[in-house]
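Please build the complete structure, drawing on both the sequences and the hints.
As a plain string of letters, each chain reads:
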Amino acid sequence: MRRTLLATAMAAALFLPLSSHAKPFHWASQGDILTLDPHAQNEGLTIAASSYVYEPLVQYNQEFELVPALATAWEQASPTVWRFTLRENVKFHDGTPFEADDVVFSVKRAMAPTSHFKAYVNGIKDVRETGPNTVEIETAGPNPVLLRQLTNVFIMNRDWAEKNNATQPQDFSKKEETFSARNTNGTGPYKLVSREVDVRTVFEENPDWWGATNKKGNVTKVTYTPIKQSATRTAALLSGEIDFVLDPAAQDLDRLRQQAKVVEGNEYRTIYIGLDQKSPELKYSSVKGKNPFADVRVREALYRAIDVEALKKAVMRGLSAPTGTMIAPQVNGWSEELVKRVPYDPEKSKQLLKEAGYENNLDFTLDCPNNRYINDEAICQAIVAMWARVGVKAQLNAMPRATYFPKVQSFDTSAYLFGWGVPTFDALYTLQSLIRSKGEGADGSFNYGGYSNPEVDKLIDQVKTETDDAKRTEAIQKALSIHAQEFGHIPLHDQVIPWAMRKNVNVVHRADNRLTMEWVTVE
Amino acid sequence: MVFFILRRLLQAVGVMLSVALISFILFQYVGDPVTIMLGQDATEQDRIELRQQLGLDQPAPIQFARFVGNALQGDFGLSLRQGQKVSTLLAERFPATMELSVAAAGLALIVGLPLGVYTALNRHSRLSQLVLTLSLVGVSLPTFLIGILLILVFAVMLGWLPSYGRGETVQLGWWSTGLLTADGWEHLILPAITLSLFQLTLILRLVRSEMLEVLRQDYIKFARARGLTRRAIHFGHALKNTLVPVITITGLQLGGIIAFAIVTETVFQWPGMGLLFIQAVQFADIPVMAAYLCLIALIFVVINLVVDMLYFVVDPRLRVARTGAH
Numbered sequence: 001m002r003r004t005l006l007a008t009a010m011a012a013a014l015f016l017p018l019s020s021h022a023k024p025f026h027w028a029s030q031g032d033i034l035t036l037d038p039h040a041q042n043e044g045l046t047i048a049a050s051s052y053v054y055e056p057l058v059q060y061n062q063e064f065e066l067v068p069a070l071a072t073a074w075e076q077a078s079p080t081v082w083r084f085t086l087r088e089n090v091k092f093h094d095g096t097p098f099e100a101d102d103v104v105f106s107v108k109r110a111m112a113p114t115s116h117f118k119a120y121v122n123g124i125k126d127v128r129e130t131g132p133n134t135v136e137i138e139t140a141g142p143n144p145v146l147l148r149q150l151t152n153v154f155i156m157n158r159d160w161a162e163k164n165n166a167t168q169p170q171d172f173s174k175k176e177e178t179f180s181a182r183n184t185n186g187t188g189p190y191k192l193v194s195r196e197v198d199v200r201t202v203f204e205e206n207p208d209w210w211g212a213t214n215k216k217g218n219v220t221k222v223t224y225t226p227i228k229q230s231a232t233r234t235a236a237l238l239s240g241e242i243d244f245v246l247d248p249a250a251q252d253l254d255r256l257r258q259q260a261k262v263v264e265g266n267e268y269r270t271i272y273i274g275l276d277q278k279s280p281e282l283k284y285s286s287v288k289g290k291n292p293f294a295d296v297r298v299r300e301a302l303y304r305a306i307d308v309e310a311l312k313k314a315v316m317r318g319l320s321a322p323t324g325t326m327i328a329p330q331v332n333g334w335s336e337e338l339v340k341r342v343p344y345d346p347e348k349s350k351q352l353l354k355e356a357g358y359e360n361n362l363d364f365t366l367d368c369p370n371n372r373y374i375n376d377e378a379i380c381q382a383i384v385a386m387w388a389r390v391g392v393k394a395q396l397n398a399m400p401r402a403t404y405f406p407k408v409q410s411f412d413t414s415a416y417l418f419g420w421g422v423p424t425f426d427a428l429y430t431l432q433s434l435i436r437s438k439g440e441g442a443d444g445s446f447n448y449g450g451y452s453n454p455e456v457d458k459l460i461d462q463v464k465t466e467t468d469d470a471k472r473t474e475a476i477q478k479a480l481s482i483h484a485q486e487f488g489h490i491p492l493h494d495q496v497i498p499w500a501m502r503k504n505v506n507v508v509h510r511a512d513n514r515l516t517m518e519w520v521t522v523e
Numbered sequence: 524m525v526f527f528i529l530r531r532l533l534q535a536v537g538v539m540l541s542v543a544l545i546s547f548i549l550f551q552y553v554g555d556p557v558t559i560m561l562g563q564d565a566t567e568q569d570r571i572e573l574r575q576q577l578g579l580d581q582p583a584p585i586q587f588a589r590f591v592g593n594a595l596q597g598d599f600g601l602s603l604r605q606g607q608k609v610s611t612l613l614a615e616r617f618p619a620t621m622e623l624s625v626a627a628a629g630l631a632l633i634v635g636l637p638l639g640v641y642t643a644l645n646r647h648s649r650l651s652q653l654v655l656t657l658s659l660v661g662v663s664l665p666t667f668l669i670g671i672l673l674i675l676v677f678a679v680m681l682g683w684l685p686s687y688g689r690g691e692t693v694q695l696g697w698w699s700t701g702l703l704t705a706d707g708w709e710h711l712i713l714p715a716i717t718l719s720l721f722q723l724t725l726i727l728r729l730v731r732s733e734m735l736e737v738l739r740q741d742y743i744k745f746a747r748a749r750g751l752t753r754r755a756i757h758f759g760h761a762l763k764n765t766l767v768p769v770i771t772i773t774g775l776q777l778g779g780i781i782a783f784a785i786v787t788e789t790v791f792q793w794p795g796m797g798l799l800f801i802q803a804v805q806f807a808d809i810p811v812m813a814a815y816l817c818l819i820a821l822i823f824v825v826i827n828l829v830v831d832m833l834y835f836v837v838d839p840r841l842r843v844a845r846t847g848a849h
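Chains as they are written, first to last, in this note's numbering: chain D, 1 to 523; chain V, 524 to 849.
Just so you know, these hints were derived from the structure itself, not from any lab. As the structure is a computational prediction, the values presented were derived from the model and not from experiment.
Partner residues aside, some chain V positions facing chain D, computed with beta carbon under 10 Å: (1) V557; (2) T558; (3) M560; (4) E567; (5) R570; (6) Q576; (7) R604; (8) E615; (9) I671; (10) V679; (11) G682; (12) V790; (13) Q792; (14) I801; (15) V804.
Note that the Cβ used here is the ideal one computed from N, Cα and C, for glycine as well.
Put into structure tokens, the structure is as follows:
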């Protein structure tokens, strides 16, 4: 009896100081984490949740510079071979040690046919173990963005995955849910405690995390709850039931600024308008026999007719960063020079249209999503009105994203609003997908307007393999500036995303809209 | 009796099949889930492969036939959004919706019935006028707005009640219940009030008009002439006869409550089937939508069947007519 009492007292003495430091953190956004499998769904919130439990080889610091995670050092053994030295004495949450074999397994798992993370292992030819704590990754050609790609490739435990029959990401042709969708075993700063789909997902601090001593934040327990209605999210934040909202509604921001706290920052996503300049004739226009958008004067006229500052003020409530280029400031390759827009000038616009032979007789349909980007439909409405002022009749065709994306992806559009994010934080991602002519693989895969310039293509191909940083940046900027002079797309703004939180919460805003939990402090 | 039930069952199957068919035709227009599943970085090749994997490349009639075949074996496939079995997802959400719906229906009865009786008996009192005016508000304000108002007042301004979720739940076998914890009850109050308000008004007005009708009948006058107490007349005779249509309507409305819980569940983030459905619609998650619509149709069909059978039992005239025909 006495021994029990003593034990209880000791336990209390041990745990009391801990519990007084316990910092629970509740947060919410609109939808739930889709899965806890780190290679199954390429979606922002899901990746953020994966990053609490799992870690990549390399990661970004707060300035978006590459810093060590599970790899402590890396070097280029040859233009196509990267050698990584792995962190020692790291343990998975179930206690098994982290080994080179786990890296080989995980990278290959991300390359599996059912993986949705193939974009991040794109260009990898082979990955092999070269020692107890070294691995080599071989790429098909020189790949200057490999390290940036790898920040999204999370490392799992091979034995655990094999034991639980989870060696492949979710396969929808099988009738069973993968074990790894609800269970985790990572090396990261938080362990999964419980997961109730659409209700709550709870994580607790991993005391044995290798980075525990240098951890910046102090959150000990994380509870994520999806709250679909924005009004309910705001109410839950104001009543103190949750500490953080990732996606507060624009109309609530003034109130939240007074009664709570709002932190804003650029997203890495640029919103732009694409114009079909390749088809011999526009699909959705009464102009027949020729394509007005093939004429650079028409594209310039449409660009100059848009008052982007008015968009920012009236439609975006100040939450946008107007831009003249296709990449956001956080993306490698961006410059002050590129971001300058061609001025708003409706008179010049009318004159250009007249010269091109489209005085008051240009009409077409503008396709627009209505639930994908911030205020997407409202932006389109405003632009249609601005174009009307210079005598262009654009018809707005707004639709939900589930119907919008298949439509534009099958090139069934004449003009469309799109937003492009850059998860690798390198301009190649934009140049290759949006600006390069259609070619193999990712080349031109999102170039729905068909912009094409052989000189630009050559520059982009150079950017793909150039390993000299200065030369590479020069090529990026030259490609972007030629594209801008030819009005290949009409860039509008970078999205600015507000995060709302209680006054005692401090977070680091990230351009990829991910809340990094080990940087969060609760006072 | 057996033939009667068999015939109703056959009709029920017909109803279910047509619901499944109509929902499937609608699904051709909700859009393409593959694009959302793969995100914007996927290549065209990835999309084609996934479409084949999911069987979405096949013509609609074949998809439908396969869906019905699997559904008969209780297999609704995997949710495209979450990769989980649809049957598991629905089974997880079912208790939440049922508890909310039954609580709302109970609340509507417990409050609506006495108020209906009171307003019928005291037609000209100030309180009756007030209750009737307020009941107009209950009918005309959309559920969405009522929910938000309640949250604003009781969660944000007063801080008495939680604004979202179901609170702590206890697992009883496969049934998760929030009724065994204080936290669960606290979380139930606002959503139940929101969901019940419309039904409450309906019951109140129904009881009132039925009661007024009954009070005009001859047997009430005779009872009064006989010198029975007011209490015996009102509650022993009048109310009893009022209740038959009220119970029927309430029973039928239960199906409506379950189906219309969608809005309330969305406002309060109540993890029920309605919320699941709304999220499925945005994601074009066809297996979940199909299973949900079939389940709701099934609930309606079962409730109707039960009500029909109850008629058979309760109303002697029905029975006599049928035996007479034999």
